[in-house]
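2 protein chains.
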Amino acid sequence: MTPEILAQIRKIVGMDYVFTEKEDLFCYTYDGSFVLDRPKLPGVVVMPGNTEETSRIMKLAHTYGIPVVPRGAGSNLSGGSLSEQACIVMQMTRMNRILNMDRRNMTAVVESGVITGTFQEEVAKMGLFYPPDPSSLAFSTMGGNVAECAGGPRGVKYGVTRDYVLGLEVVLADGSVIKTGSATMKCVAGYDLTKLFTGSEGTLGVVTQITVKLLPMPQARQTVLASFSNLDQTAETVVEILSRGIIPSALELMDQVYIQNIESFMPSGLPLDAEAVLLIEVDGPKSSLDEQISEIAKICRNQGAMHIRCASSQEEREKLWAARRGAYGAIARNYPTIISEDVTVPRDKIPEAVRRVRKIAETFQLTIAIIAHAGDGNFHASILTDEKNSTEMARIQQALPELFKAALELGGTITGEHGVGLTKAPYLPWETGAGGMHVMKAIKDALDPKNILNPGKMFGNRSWS
Amino acid sequence: MTPEILAQIRKIVGMDYVFTEKEDLFCYTYDGSFVLDRPKLPGVVVMPGNTEETSRIMKLAHTYGIPVVPRGAGSNLSGGSLSEQACIVMQMTRMNRILNMDRRNMTAVVESGVITGTFQEEVAKMGLFYPPDPSSLAFSTMGGNVAECAGGPRGVKYGVTRDYVLGLEVVLADGSVIKTGSATMKCVAGYDLTKLFTGSEGTLGVVTQITVKLLPMPQARQTVLASFSNLDQTAETVVEILSRGIIPSALELMDQVYIQNIESFMPSGLPLDAEAVLLIEVDGPKSSLDEQISEIAKICRNQGAMHIRCASSQEEREKLWAARRGAYGAIARNYPTIISEDVTVPRDKIPEAVRRVRKIAETFQLTIAIIAHAGDGNFHASILTDEKNSTEMARIQQALPELFKAALELGGTITGEHGVGLTKAPYLPWETGAGGMHVMKAIKDALDPKNILNPGKMFGNRSWS
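These protein sequence lines are chains A and B, in that order.
Okay, so the first sequence: first residue is 162 according to my numbering, each after it adds one.
Okay, so the second sequence: first residue is 162 according to my numbering, each after it adds one.
Misleading hints may appear alongside valid ones.
Keeping only pairs whose Cα atoms sit at most 20 Å apart, straight-line, the calculated DMTMM-like set for lysine to aspartate or glutamate is [as the list claims (entries may be wrong)]: (1) A:Lys611 - B:Glu424; (2) B:Lys447 - B:Glu401; (3) B:Lys340 - B:Glu570; (4) A:Lys340 - A:Asp263; (5) A:Lys286 - B:Glu452; (6) B:Lys611 - A:Asp606; (7) B:Lys447 - B:Glu436; (8) A:Lys447 - B:Glu456; (9) B:Lys602 - A:Asp324; (10) A:Lys318 - B:Asp335; (11) A:Lys220 - A:Asp324; (12) B:Lys374 - A:Glu452; (13) B:Lys447 - A:Glu452; (14) A:Lys602 - B:Asp335; (15) B:Lys480 - B:Glu424; (16) A:Lys602 - A:Asp263; (17) B:Lys602 - A:Asp451; (18) A:Lys318 - B:Asp324; (19) A:Lys520 - A:Glu424; (20) B:Lys447 - A:Asp451; (21) A:Lys340 - B:Glu436; (22) B:Lys602 - A:Glu452; (23) B:Lys447 - A:Asp609; (24) A:Lys318 - A:Glu452; (25) B:Lys318 - A:Asp263; (26) B:Lys374 - B:Glu477; (27) A:Lys374 - B:Asp609; (28) B:Lys520 - B:Glu436; (29) A:Lys447 - B:Glu452.
Hints listed in this document are in silico derivations from the structure and should not be mistaken for laboratory results.
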């Protein structure tokens, strides 16, 4: 980064929002993902305060052909927000205003740096509901959620981020600004650019504003914990509940490794003798919940559940969910490195997928714990390790492709909600085929001909054809 | 179309599936839309029997630079499936097999020529539910629904076609075949090509197979008819119901012109003294419906409803819905030409939109009837006329842009579910801006560099920048 370019950047956003010190830059070689080769320091970190500044920085980057890595809270799990040498990190967290909250139309407009959890709280104050709930919601940004198309436990009933984004303001590679979509519930005016940018991992544009739809807050919620002596039984119960026509608002599976780590960290009443538990929540009109819960309990009993516990109070419900949300933290206390994969399979393939994961763990002598948004077939196979153990890391490098192959063989995907980023770029062609890659690359080239937007992510740096 | 090319086409699909007689070709200058300038006869109509034949025809078209107009049942309302001179009409109705129905995973795979209503019936036999319900569902195809991103009354609760398409098989402009998406509930492996192709009106590829997600069939449904002496009141009631947190599965508005035409055609018990009626349906667990219906009735009473009628039997419910579905036919008996516009506004703007439509009708001395998926703010302003009346047609040509301007001024869109096609191509830039058009055109050029896929549709034939 030449001093002239840095001077121009400082002129656009002001001295206080440009960072070039090594200790600042160093942070941006990390995000929530695990990558073996530590990325090089970026050239500069810039925090634009509004769309115009974002646009002017992009224009500058475009003129000089400088790579730009857009970034929210850096919580993503696939290396999508990692810097690359000589790049501009476009840090969007300063743009954190909720611009509009429309109770009557149940829509809102936010800047991309708004924290998802904060937004949900503001929405709830109006009696409304923003369903997407990635586990990172306490710190991840709405813009980051859009870039990655974040999911979460509620996906089984409520879908994911893409199902709530109605429109976007996006700064394109050349600095021009477009608006996509509409604040209306239905819109077919041209290509669905909103959905195209959602999940494009910052490779097609920098999202500055987001219009989302909201739902009425469900009248009531109820939660059940069911434990099983057998992981296969647990997975089968998931299929059974859904095929009976019950759509819970969450349907989470945790295996023994998770249960034991959670209980030793924050005792939550999870049964230590279980091989797996299901955490099941239903929501909706109060009058409809008891029936659903008793039906769910019946199905769990028929499937051989050891214990079934319905949360009898709000406190008990929250305690169960705190355990689920704390799962990753609990396990991180005992394992220096966790590689969290998120292969996804059709949900009736969950039992088979569990068997495959166990086989892979055995073959490569690895500890793999399973936590899953089981209702979606969305598996987080967490490889528990220590990156200092180089022989184990080598085995992991061999095991990962086996995991992705297994997911694809079962009719699934290599990533349900974490995205492609850097870590899965080599494997994306396995899923899309060369034809799919060509179409994606053609779109990328058309919108970013100089390849300055988050280069290397999704497509990797090597030939895939 | 040279005899050589026709011979090659016949060789690909067989003699029986190639049509070149004038009387056959003539049909393809019509679809569900109203266009002033009758399109010229196409060169040939081809009915491929499978993906491979579709691909081979596209390869041929690509080699010789022949335009291809993909077509389902031709029911679309924006001229999206109209032929153009010298083109190949790719008629997809032969590919009408349901390839897979997966009850446990609640997904299905269909060929693009499957009739939507037929598919819904097959799905229902398994206790499952495919919600998209365009009024054309008795004859429109799943492929056509995907191409147009069809909507319908259930959009207010269940969304539209794009919300159910998980994956596609698409034949691209050069004849290559790609698969997009995944049969899994969550998938973020690369750009969301599935949603990009959905609603792209046959300008980016020919859809041959569609994977959709299904829902459990709701346990029960209840329907209410509420009539009002005042159209504004009716519109206000829609906003009131939704902002109280009730999401009906349909929330339809019909004005006096529709009521009177329906009653004179198929007496259905609609109150002739009303200025407008709301047809409201709720669905879900049986135990939750009474409460919702009584809350809805209360809101209607508070808003000054003249009559409120809850359907007490399945027959009564069906009769009310038959009236709604027959509305277009009823009105078509009395008016030779109906121009059905579908501007959409944020739903609390419905009263204002109604006033604007009336003002426009008055200014240009037109009869405009209103039928609306009011819960979505999706308005069908039906201009009732006779195309032989050239002075009235001239006034309509002036009125239409005013209608689109009004929708945009109210924060809406020029098309909620009918698409852009030919008829709205001149107005699309008003909504997307030049920047949005440039992005769409860049994608179109990248995927179809010879511009052979449905040329003229969406982008029009003139410069928009």
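Given pair status - Asp263 (chain A), Lys318 (chain B), alpha carbons within 20 Å:
holds, 18 Å
Given the hint that Lys374 (chain B) pairs with Glu452 (chain A), test it: the Cα-Cα distance must not exceed 20 Å. Distance ~25 Å between Lys374 (chain B) and Glu452 (chain A) Cα, so the pair is violated.
Is the Cα-Cα distance between Lys602 (chain A) and Asp263 (chain A) 20 Å or less?
Judged against 20 Å, a Cα distance of about 38 Å means the pair is violated.
Sort out whether Glu456 (chain B) lies within 20 Å of Lys447 (chain A), counting only the CA atoms. holds, 14 Å
*asked:* Just to be careful, I want the Cα atoms of Lys374 (chain B) and Glu477 (chain B) compared with a cutoff of 20 Å; is the pair within it?
replied: violated, 30 Å
Given pair status - Glu452 (chain B), Lys286 (chain A), alpha carbons within 20 Å: With Cα atoms ~24 Å apart, Lys286 (chain A) and Glu452 (chain B) exceed 20 Å; violated.
Satisfaction of hint between Asp324 (chain B) and Lys318 (chain A), Cα-Cα up to 20 Å:
Status holds; Cα separation ~13 Å.
Assess, step by step, whether the Cα of Lys220 (chain A) is no farther than 20 Å from the Cα of Asp324 (chain A), and give holds or violated. Violated - the C-alpha atoms of Asp324 (chain A) and Lys220 (chain A) are around 31 Å apart, more than 20 Å.
Problem set entry | Straight-line alpha-carbon gap Lys611 (chain B) to Asp606 (chain A), limit 20 Å | With a Cα-Cα distance of about 17 Å, the restraint between Lys611 (chain B) and Asp606 (chain A) holds, given a limit of 20 Å.
- request: With a cut-off of 20 Å on the C-alpha distance, tell me whether Lys602 (chain B) and Glu452 (chain A) pass.
  value: violated, 52 Å
Take a quick look at whether Lys318 (chain A) and Asp335 (chain B) sit within 20 Å of each other, Cα to Cα.
violated, 39 Å
| message | Check whether the Cα positions of Lys447 (chain B) and Glu436 (chain B) lie no farther apart than 20 Å. | response | Measuring from Cα to Cα gives roughly 32 Å; hence the hint is violated.
In summary, the structure is inconsistent with hints 1, 2, 3, 5, 7, 9, 10, 11, 12, 16, 17, 19, 21, 22, 23, 26, 27 from the numbered list given earlier, while agreeing with the others.
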